[in-house]
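Using the sequences plus the hints, can you model the full thing?
Read off the chains here:
Number of protein chains: 2
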Amino acid sequence: METYRSAGVDVGKGERFVDRLKAAARRAGHDKLWRAAGGYAAVCPINERDGIALTTDGVGTKLLIAGQLKRYDTLGIDLVAMCANDLVCVGATPTLFLDYFATGTLDDDMADGLIAGIVDGCDQAEMILAGGETAEMPGLYERGHFDLAGFAVGNVTKERLITGEAIRPRQTLIGMASSGIHSNGLSLARKVLPTDTDTIEALLTPTIIYSSAVRNALAAYGSLITGIAHITGGGWRNLFRLNSSVGFAIEDPLPVPAILERISAHVQQEEMYKTFNMGMGMCMIVDGDCEPILKALGASGMVARKVGIVTDQSMTLTIAGSAVTLRG
Amino acid sequence: METYRSAGVDVGKGERFVDRLKAAARRAGHDKLWRAAGGYAAVCPINERDGIALTTDGVGTKLLIAGQLKRYDTLGIDLVAMCANDLVCVGATPTLFLDYFATGTLDDDMADGLIAGIVDGCDQAEMILAGGETAEMPGLYERGHFDLAGFAVGNVTKERLITGEAIRPRQTLIGMASSGIHSNGLSLARKVLPTDTDTIEALLTPTIIYSSAVRNALAAYGSLITGIAHITGGGWRNLFRLNSSVGFAIEDPLPVPAILERISAHVQQEEMYKTFNMGMGMCMIVDGDCEPILKALGASGMVARKVGIVTDQSMTLTIAGSAVTLRG
Numbered sequence: 001m002e003t004y005r006s007a008g009v010d011v012g013k014g015e016r017f018v019d020r021l022k023a024a025a026r027r028a029g030h031d032k033l034w035r036a037a038g039g040y041a042a043v044c045p046i047n048e049r050d051g052i053a054l055t056t057d058g059v060g061t062k063l064l065i066a067g068q069l070k071r072y073d074t075l076g077i078d079l080v081a082m083c084a085n086d087l088v089c090v091g092a093t094p095t096l097f098l099d100y101f102a103t104g105t106l107d108d109d110m111a112d113g114l115i116a117g118i119v120d121g122c123d124q125a126e127m128i129l130a131g132g133e134t135a136e137m138p139g140l141y142e143r144g145h146f147d148l149a150g151f152a153v154g155n156v157t158k159e160r161l162i163t164g165e166a167i168r169p170r171q172t173l174i175g176m177a178s179s180g181i182h183s184n185g186l187s188l189a190r191k192v193l194p195t196d197t198d199t200i201e202a203l204l205t206p207t208i209i210y211s212s213a214v215r216n217a218l219a220a221y222g223s224l225i226t227g228i229a230h231i232t233g234g235g236w237r238n239l240f241r242l243n244s245s246v247g248f249a250i251e252d253p254l255p256v257p258a259i260l261e262r263i264s265a266h267v268q269q270e271e272m273y274k275t276f277n278m279g280m281g282m283c284m285i286v287d288g289d290c291e292p293i294l295k296a297l298g299a300s301g302m303v304a305r306k307v308g309i310v311t312d313q314s315m316t317l318t319i320a321g322s323a324v325t326l327r328g
Numbered sequence: 001m002e003t004y005r006s007a008g009v010d011v012g013k014g015e016r017f018v019d020r021l022k023a024a025a026r027r028a029g030h031d032k033l034w035r036a037a038g039g040y041a042a043v044c045p046i047n048e049r050d051g052i053a054l055t056t057d058g059v060g061t062k063l064l065i066a067g068q069l070k071r072y073d074t075l076g077i078d079l080v081a082m083c084a085n086d087l088v089c090v091g092a093t094p095t096l097f098l099d100y101f102a103t104g105t106l107d108d109d110m111a112d113g114l115i116a117g118i119v120d121g122c123d124q125a126e127m128i129l130a131g132g133e134t135a136e137m138p139g140l141y142e143r144g145h146f147d148l149a150g151f152a153v154g155n156v157t158k159e160r161l162i163t164g165e166a167i168r169p170r171q172t173l174i175g176m177a178s179s180g181i182h183s184n185g186l187s188l189a190r191k192v193l194p195t196d197t198d199t200i201e202a203l204l205t206p207t208i209i210y211s212s213a214v215r216n217a218l219a220a221y222g223s224l225i226t227g228i229a230h231i232t233g234g235g236w237r238n239l240f241r242l243n244s245s246v247g248f249a250i251e252d253p254l255p256v257p258a259i260l261e262r263i264s265a266h267v268q269q270e271e272m273y274k275t276f277n278m279g280m281g282m283c284m285i286v287d288g289d290c291e292p293i294l295k296a297l298g299a300s301g302m303v304a305r306k307v308g309i310v311t312d313q314s315m316t317l318t319i320a321g322s323a324v325t326l327r328g
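Chains as they are written, first to last, in this note's numbering: chain U, 1 to 328; chain Z, 1 to 328.
Misleading hints may appear alongside valid ones.
A pair counts as met if it fits within one copy or between any two copies, since identical chains are not told apart.
[Claimed, not checked] No more than 25 Å apart at the CA atoms, straight line, and that leaves these computed lysine-lysine pairs for DSS-like:
| no. | residue 1 | residue 2 |
| --- | --- | --- |
| 1 | K70 | K22 |
| 2 | K70 | K13 |
| 3 | K22 | K158 |
| 4 | K13 | K32 |
| 5 | K191 | K70 |
| 6 | K306 | K295 |
| 7 | K32 | K191 |
| 8 | K32 | K22 |
Calculated from the structure, these hints are not laboratory results.
Laid out in structure tokens, this is it:
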């Protein structure tokens, strides 16, 4: 069986590096920021009431898969999604987006496709494409290779900032369906799946931009929402980022997309849940009646349902009908 | 003779792409932004009086040069410099920085060196290192290769925003000395220079972070400063970005650093001024007495002097003692 590590990505090593980075950042004034749930965004006060939320992300090796079909017009949606979905996890309203696009030699078709996707993503996320940087770096990127990073800004008030501190046992977990693999775990997928056109097209399905739907829910029912986890690298372990004193029981998981089912033939179940979204691209924690929130998410076009509850088993996640237990 | 194009970088093609990108961005809500000088940063209003300024940049193929000596602890200074120096060009105070670091396989020494430089740069620029993204992408980056992008945020008031519209003929140009090649034109430098350790060390000299010195000058004499150009890709043509109705006469240029003199043996003079900073990393345009500003910049540790004047020759730049005339 393959693992994310055997596919060349050592999450543990990455996490240790991030810990050292955080220590360095603390020395560089990090204490002036507001504490926000899960580190999904950095939140900086601009006055006592208002703050701005910032995040940066890329789309990982999904880039390489797009290159195989020379189909570049959806990667920008993934890029905006990775950033906008992170911003709403701290309760912020995404407002501004910038992109960094680096390549060996500028290819007009590639570049125009990437822009089209970024503009499409900004439309979906209701963000302004404020600027960007295009870098031509012969010698660093091979012919046809490129990298893409996004940077996003949102507004948040201190009152509406989600810190995760209000998460308590017996609160409800709402799962929001993913569209497929989204933008995480592609290195492992590439290692175990064939490279026929149908498979690549399935892998290229763009990440769902949940931000507008989540914003609508937050606007109407924000006081009931105690945590939101964007399920990215690390899979369902992302839930542990929200609050270390609780655990989670997933009792009625959303269906696993077909492309992830195919990968699971080559990868152990636990590794699947630690690497992929497994059908749940976002998870929202609700204190109280979740029916009106489910209705609001549905009205925004999202497939969402109650998938489980918060437990008192600190940093432990159990999945009904599966032998898998994840620990933080 | 070599050109930037023969070194694999087609600036014209890049500029045409940026024009298409701007058109796309206009469709994506760009008209809500405040107009700022030279496009050095996107400025978004947060209320009638205050705005935030945003920029993103990388360090180009300086990355590859660092890799040759495995010396990574100054690239972060370049990265912060490229962003912070851009922000002050619109009159903003740099506040927050995020980095995007992508590599094939995470190398602890490399990663720690990069962080150390970023923290050092944030200290110099008086910015908070608010966050970042570390991406491991096997298959995209060769062993030892990586990319680095920076995102920076600053504060600006509408009153202090520099638009370049107040630039008029006969105003004074203050040049601020560069430390060497900074972070632009490295692909061309790599093509024409030998790869001995002394040369590589000279090329690696970090970009000067001008932002704190410029902020001090803006705080005391902001009403006299009508334009600021960070001399980056495009060389001295960056001045044309500030105001298309004027030109510039450089009468007393700063000394050209030795490393750029060495490159000029292989590259035509006009190409040198269109690609490199040629000794002037920042240029400030002053309406009135520039002596107090020169004193303030000197007190902040900068080497600065009067280098020329604004002319009425639209989009034309002449350099005393040189046959070079640049046109926009």
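Structure-based check of all given hints:
Taking the closest pair of Cα atoms, K70 and K22 come within 25 Å of each other only across two copies (23 Å); inside a single copy the shortest separation is 37 Å, beyond that limit. With identical chains, the CA atoms of K70 and K13 are at most 25 Å apart between copies only, with a shortest distance of 20 Å across copies and 32 Å within one. In this assembly of identical chains, the alpha carbons of K22 and K158 lie at most 25 Å apart only when taken from the same copy (23 Å versus 34 Å across copies). For a Cα distance limit of 25 Å, the shortest separation of K13 from K32 qualifies neither inside one copy, at 28 Å, nor across copies, at 42 Å.
In this assembly of identical chains, K191 and K70 lie within 25 Å of each other by CA distance solely inside one copy; the values are 19 Å within and 30 Å between copies. Taking identical chains as interchangeable, the C-alpha atoms of K306 and K295 lie at most 25 Å apart only when both belong to the same chain, with a minimum of 12 Å there against 66 Å between chains. For the identical chains of this complex, K32 and K191 are neighbours neither inside a copy (42 Å) nor across copies (44 Å), given an alpha-carbon limit of 25 Å. In this assembly of identical chains, K32 and K22 lie within 25 Å of each other by CA distance solely inside one copy; the values are 14 Å within and 34 Å between copies.
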